[in-house]
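So the protein lines, in turn, are chains A and B. Each step along the first sequence adds one to the number in my numbering, with nothing skipped, and position 223 is 223. Each step along the second sequence adds one to the number in my numbering, with nothing skipped, and position 407 is 407.
Simulated from the structure, these hints should not be mistaken for lab results. Please read these numbers as outputs of a predicted model, since none were measured by experiment. Check the hints yourself; a few may be wrong.
In this list, chains with the same sequence are indistinguishable; a pair is considered to hold if it fits within one copy or across any two.
Subject to a maximum C-alpha distance of 30 Å in a straight line, what follows is the list of computed DSS-like cross-link-like pairs (lysine-lysine) [claimed, not checked]:
(1) K315 - K21
(2) K316 - K20
(3) K21 - K221
(4) K281 - K332
(5) K18 - K315
(6) K20 - K126
(7) K126 - K338
(8) K315 - K20
(9) K126 - K18
(10) K315 - K281
(11) K316 - K18
Number of protein chains: 2
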Amino acid sequence: MALIVQKYGGTSVGTIEKIKKVAGRVARTRDMGNDVVVVVSAMAGETNRLLGLANQLSELPNERELDVVASTGEQVTIGLLSIALSEMGYPARSFTGFQIPVLTDSAHVKARIRNIEGATIQSALKKGEIAVVAGFQGIDETGAITTLGRGGSDTSAVAVAAALSADVCEIYTDVDGVYTTDPGICSDAQKLERISFEEMLELASLGAKVLQIRAVEFGMKYGVRIHVRSSFNDNTGTLVTKEEEIMETAVVSGVAYNKGEAKITIVKVPDRPGIAAKIFKPLSDANIVVDVIVQNVSVTGHTDLTFTVGRSDYKKAMMTTETVAKEIGADKVVGNDKIAKVSIVGLAMRSHSGVATKVFETLGAEGVNILGITTSEIKISCLIEEKYTELAVRVLHKAFGLGKPANA
Amino acid sequence: MALIVQKYGGTSVGTIEKIKKVAGRVARTRDMGNDVVVVVSAMAGETNRLLGLANQLSELPNERELDVVASTGEQVTIGLLSIALSEMGYPARSFTGFQIPVLTDSAHVKARIRNIEGATIQSALKKGEIAVVAGFQGIDETGAITTLGRGGSDTSAVAVAAALSADVCEIYTDVDGVYTTDPGICSDAQKLERISFEEMLELASLGAKVLQIRAVEFGMKYGVRIHVRSSFNDNTGTLVTKEEEIMETAVVSGVAYNKGEAKITIVKVPDRPGIAAKIFKPLSDANIVVDVIVQNVSVTGHTDLTFTVGRSDYKKAMMTTETVAKEIGADKVVGNDKIAKVSIVGLAMRSHSGVATKVFETLGAEGVNILGITTSEIKISCLIEEKYTELAVRVLHKAFGLGKPANA
Numbered sequence: 001m002a003l004i005v006q007k008y009g010g011t012s013v014g015t016i017e018k019i020k021k022v023a024g025r026v027a028r029t030r031d032m033g034n035d036v037v038v039v040v041s042a043m044a045g046e047t048n049r050l051l052g053l054a055n056q057l058s059e060l061p062n063e064r065e066l067d068v069v070a071s072t073g074e075q076v077t078i079g080l081l082s083i084a085l086s087e088m089g090y091p092a093r094s095f096t097g098f099q100i101p102v103l104t105d106s107a108h109v110k111a112r113i114r115n116i117e118g119a120t121i122q123s124a125l126k127k128g129e130i131a132v133v134a135g136f137q138g139i140d141e142t143g144a145i146t147t148l149g150r151g152g153s154d155t156s157a158v159a160v161a162a163a164l165s166a167d168v169c170e171i172y173t174d175v176d177g178v179y180t181t182d183p184g185i186c187s188d189a190q191k192l193e194r195i196s197f198e199e200m201l202e203l204a205s206l207g208a209k210v211l212q213i214r215a216v217e218f219g220m221k222y223g224v225r226i227h228v229r230s231s232f233n234d235n236t237g238t239l240v241t242k243e244e245e246i247m248e249t250a251v252v253s254g255v256a257y258n259k260g261e262a263k264i265t266i267v268k269v270p271d272r273p274g275i276a277a278k279i280f281k282p283l284s285d286a287n288i289v290v291d292v293i294v295q296n297v298s299v300t301g302h303t304d305l306t307f308t309v310g311r312s313d314y315k316k317a318m319m320t321t322e323t324v325a326k327e328i329g330a331d332k333v334v335g336n337d338k339i340a341k342v343s344i345v346g347l348a349m350r351s352h353s354g355v356a357t358k359v360f361e362t363l364g365a366e367g368v369n370i371l372g373i374t375t376s377e378i379k380i381s382c383l384i385e386e387k388y389t390e391l392a393v394r395v396l397h398k399a400f401g402l403g404k405p406a407n408a
Numbered sequence: 001m002a003l004i005v006q007k008y009g010g011t012s013v014g015t016i017e018k019i020k021k022v023a024g025r026v027a028r029t030r031d032m033g034n035d036v037v038v039v040v041s042a043m044a045g046e047t048n049r050l051l052g053l054a055n056q057l058s059e060l061p062n063e064r065e066l067d068v069v070a071s072t073g074e075q076v077t078i079g080l081l082s083i084a085l086s087e088m089g090y091p092a093r094s095f096t097g098f099q100i101p102v103l104t105d106s107a108h109v110k111a112r113i114r115n116i117e118g119a120t121i122q123s124a125l126k127k128g129e130i131a132v133v134a135g136f137q138g139i140d141e142t143g144a145i146t147t148l149g150r151g152g153s154d155t156s157a158v159a160v161a162a163a164l165s166a167d168v169c170e171i172y173t174d175v176d177g178v179y180t181t182d183p184g185i186c187s188d189a190q191k192l193e194r195i196s197f198e199e200m201l202e203l204a205s206l207g208a209k210v211l212q213i214r215a216v217e218f219g220m221k222y223g224v225r226i227h228v229r230s231s232f233n234d235n236t237g238t239l240v241t242k243e244e245e246i247m248e249t250a251v252v253s254g255v256a257y258n259k260g261e262a263k264i265t266i267v268k269v270p271d272r273p274g275i276a277a278k279i280f281k282p283l284s285d286a287n288i289v290v291d292v293i294v295q296n297v298s299v300t301g302h303t304d305l306t307f308t309v310g311r312s313d314y315k316k317a318m319m320t321t322e323t324v325a326k327e328i329g330a331d332k333v334v335g336n337d338k339i340a341k342v343s344i345v346g347l348a349m350r351s352h353s354g355v356a357t358k359v360f361e362t363l364g365a366e367g368v369n370i371l372g373i374t375t376s377e378i379k380i381s382c383l384i385e386e387k388y389t390e391l392a393v394r395v396l397h398k399a400f401g402l403g404k405p406a407n408a
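Next up, chain A with everything else stripped away, as it sits in the complex (with noise of 0.2 Å):
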């Protein structure tokens, strides 16, 4: 008798059979005696479909009315899903982003989640439905239909599991769980048993895929734990919790990697103090999250500032740092949106010294060129030329011993 989140995506509500059988799992779940919150995301597709009719009218949407284009692919799928529920004879009742509310910042496309209020959920458990929230929207102060940006819904799953003190909030998806790494590219890739939030922050925010990196923050502060799991099997999965919950520590528990990374150069910036506020304030103004920063020494009183992007900000970020660059005398800004990041992440690496090294040599003797590297207490990340990306990954995997023995 626990109250469980479940959070399905697109690919496991993608169709009316998949809708039809992920109401059987939360049946199933329900019939065990818990309380159930369902949090769905669009059925597979629909986003795209909703975004790309909002493109064929111009380039660059409206925010704000991007947000109430693209917030019904999740509106329909929890419509479906409480259909499905009452045919089965569950009652269930649907949720959307206002009607909770889910407050958020104003920040469209990309908001972030400000509080949720249990209170509506909760009386609805209490009267023995199941409640199915859309994952992926909320709203502003004001009123007005946020997103929170692609993956949203994983965020919106832990944050409803946080805000009602849930035992659990399982991630249903369409892998087995968290892996050494994508074993699209390393066949030997191992599936974890836990993880801490900490490792998972490092791989889910350098591109893991399997859940958002707001989630894992969400998860971490307000300790929930979260469980990874595919919709297509019974199979445990992997379980992200808190550092205390894992008992073995590998050096490196896994190999990521970001191919949507941009990099934008502006070359010969005066070096004088306030510099690099001029420059990173237009851009977080326009809501463009900058990655990795390499400023070299400078020398002769000018320096080469390069810095990353999401690709999809490339556009944006590469005219708002132009118009600066123009402002503040440098010289010019050249960019590439052909980059990708690879990084080994482990608890273990803070006790153990040469783990850089060995990353560097490994890379060396392939002939990757690095050209960048940001380093935290548990992960090192390297920037390098997109197409090195599978070479990168499958060294470094086998470097760390990371794969299955053969004859697993």
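Mind docking chain B on chain A? Use the hints.
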């Protein structure tokens, strides 16, 4: 310099190209110095697609959830039209039913508007924005999403016009206005310049399909002038207005028909006081609208009772009626869902005798059997077998001299 509400139906916004054209027309109206509020339907085919998804899950889908699904169609259109207007440099802001809010009762799938708050739209107009409003949808007191039923966007538009005291409500459609009958059946049908609310009410309720009945009721109640016109040209259409504004009055203004009818007969109903209430209360409880009621005079202490319902309610109505029939000890229930209603409408019928006789003679001369009759001050309707519909319309249109002169 006026406040104009414009409503565009599904065919007018059926493709991205058509949405651009609508944006162009809205912009022209704005350029003339008018404040503009646009009310839109779902893109043509979209509502059927959404209902089709729901029907794959259930034959009688949960209606609360059906509204959640169906209301997304209009939400997509308001977002897209606002994006199109913004792209052209016209500030625009979309409004869903809950954002305004449009308060309705809780009769899902066919809710009625109780109140529209004008303040949020007015504040957008004050800022110089074009307000783009989702037709067809509202919320009830509990915050549940409701829809007004097929054609409900007309009602939304006129109700919004009433709430804002707009100068005119323009209903854009794929026809040039209101005709003396369906030009698809009578090629010599003529466009009416003006028509009274009362006549339009009878025509709309009888299936003229140009304008929804509740929209006309709202127009009449709040004195909103409704201009029905084509979205494909700039021609003046038909003005629906107060009787005082109508000049010439033909005896009969138009011939309407409705094929979407079904007839239910309860055989051998015990003739006791209160029996009619027993029969019709369960139907109204199920939100089924009963139209024509015919009861034979009782001789033997039993009577046959016949009534019609919309064809979409037929199954539900039969089930409900069969239960009631058992309870009251009636003999049996028989139904026929292939019924049509043909009607003639005209203000001047009040002062002309012999109109009914002419209708019966005209139909009788063609061998069309009349299965039931209802009349009002300005209307005569006959139930007939559906297969005779076109024939009946043609002979009545001719008998009352409604066609264009042969040389026109």
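Q | Homo-oligomer pair classification [K315, K18; C-alpha up to 30 Å] | A | For K18 and K315, the Cα distance is within 30 Å only across copies (29 Å; inside one copy 37 Å).
Q.
Regarding K315 and K281, is the shortest C-alpha distance of 30 Å or less found within a copy, between copies, in both, or in neither?
A. Intra 17 Å, inter 63 Å, cutoff 30 Å: intra-copy only.
Q) Between copies, within a copy, both or neither: which fits K316 and K20 at Cα up to 30 Å? A) Close across copies (25 Å), not inside one copy (41 Å); limit 30 Å.
Q | Intra/inter-copy verdict for K281 and K332 if alpha-carbon distance must be at most 30 Å | A | Within one copy only: 19 Å inside a chain, 78 Å across chains, cut-off 30 Å.
(Q) Cα distance capped at 30 Å. Does K316 pair with K18 within a copy, between copies, both, or neither? (A) between (38 Å within a copy, 29 Å between copies)
Q) With identical chains treated as interchangeable, where does the CA-CA distance between K315 and K21 reach 30 Å or less: within a copy, between copies, both, or neither? A) between (41 Å within a copy, 29 Å between copies)
Q: State whether the alpha carbon distance between K20 and K126 is at most 30 Å within one copy, between copies, both, or neither.
A: within (24 Å within a copy, 48 Å between copies)
Q) For K126 vs K338, is the C-alpha pair at or below 30 Å within one copy, between two copies, both, or neither? A) neither (52 Å within a copy, 46 Å between copies)
Q.
Cα distance capped at 30 Å. Does K315 pair with K20 within a copy, between copies, both, or neither?
A. Only across copies: K315 and K20 sit 25 Å apart there, 41 Å inside one copy, limit 30 Å.
**Q.** Homomeric proximity label, K21 with K221: Cα distance no greater than 30 Å
**A.** Answer is neither: 32 Å inside a copy and 50 Å across each miss the 30 Å cutoff.
Q.
At most 30 Å between alpha carbons: which applies to K126 and K18, within, between, both or neither?
A. within (28 Å within a copy, 47 Å between copies)
Checked against the numbered hints above, the structure violates hints 3, 7; every other hint is satisfied.
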